[in-house]
Amino acid sequence: DSGVTQTPKHLITATGQRVTLRCSPRSGDLSVYWYQQSLDQGLQFLIQYYNGEERAKGNILERFSAQQFPDLHSELNLSSLELGDSALYFCASSVEAAPSSYNEQFFGPGTRLTVL
Amino acid sequence: EDQVTQSPEALRLQEGESSSLNCSYTVSGLRGLFWYRQDPGKGPEFLFTLYSAGEEKEKERLKATLTKKESFLHITAPKPEDSATYLCAVQSPYSVGSARQLTFGSGTQLTVLP
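Residue numbers (the numbering used here), protein chains in the order written: chain A, 30 to 145; chain B, 241 to 354.
Just chain A, with the same shape it has in the complex (with noise of 0.2 Å):
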């Protein structure tokens, strides 16, 4: 268990439709990453977050945005959803105690979406 959870586990929704994923990152963890996993692209950056801001975006989609609460949970919200956007998305956090150091980032078990 690496102490990063994720809701829901699963998730079946329709092309169109709007969904969020939640996540809590580990307890003192201040950054938090998304990442896409499909058959096809393997694990790809989405968006990080540290301490409430936005960091940087890798290859996410305008489709897709995220935020940061004050509690340090975060959520990716996916809009009109395409068949394509079915994948386990996963988000990983990392202490990063300034802003220049680096650490290990610890996933969550993901969040399977599929867009019927």
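These are computed hints drawn from the structure, not numbers from a lab.
Warning: the hint list may mix true and false statements.
[Said to hold, decoys possible] Simulated pairs of lysine-lysine, DSS-like, Cα-Cα distance not exceeding 30 Å:
(1) A:K86 to B:K319
(2) B:K319 to B:K297
(3) A:K38 to B:K308
(4) B:K309 to A:K86
(5) B:K299 to A:K86
(6) B:K299 to B:K309
(7) B:K319 to B:K309
[Said to hold, decoys possible] Computed footprint of chain B on chain A, listed as stretches where at least three residues anywhere in the stretch have a Cβ under 8 Å from a Cβ of chain B:
(8) 66-74
(9) 112-125
(10) 137-144
Note that the Cβ used here is the ideal one computed from N, Cα and C, for glycine as well.
Assemble chain B onto chain A, guided by the hints.
Chain B alone, transformed into the frame defined by chain A:
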């Protein structure tokens, strides 16, 4: 752009048959090389961090090593419970406005037969 290549894509071993997995990387200033284990449908589980060439780390039957261009994950006398996908990742250098995201390889799917 950071690049990570893992080989082989898949590896089948008999229980007790030792082997090595390879991770080749191209990165402008390595800040960390990470090994993770991932079971089907689960999140990656952190195994090791290596920071500099020549560094080695061990955990049970696993040993990770690092050179300037590649890393190896050595598996000694594997057991069926070691079956999983092993992922290698590198971390981008810090710069203002950048993320310290991990760039992952595509993984090596290891199967250990009893």
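Status of each hint after checking the structure:
{"no.": "1", "hint": "A:K86 to B:K319", "in the structure": "violated (40 Å)"}
{"no.": "2", "hint": "B:K319 to B:K297", "in the structure": "holds (19 Å)"}
{"no.": "3", "hint": "A:K38 to B:K308", "in the structure": "violated (39 Å)"}
{"no.": "4", "hint": "B:K309 to A:K86", "in the structure": "holds (27 Å)"}
{"no.": "5", "hint": "B:K299 to A:K86", "in the structure": "violated (34 Å)"}
{"no.": "6", "hint": "B:K299 to B:K309", "in the structure": "holds (22 Å)"}
{"no.": "7", "hint": "B:K319 to B:K309", "in the structure": "holds (29 Å)"}
{"no.": "8", "hint": "66-74", "in the structure": "holds (count 3)"}
{"no.": "9", "hint": "112-125", "in the structure": "holds (count 5)"}
{"no.": "10", "hint": "137-144", "in the structure": "holds (count 4)"}
Hints 1, 3 and 5, counting from the list given before, are not met by this structure.
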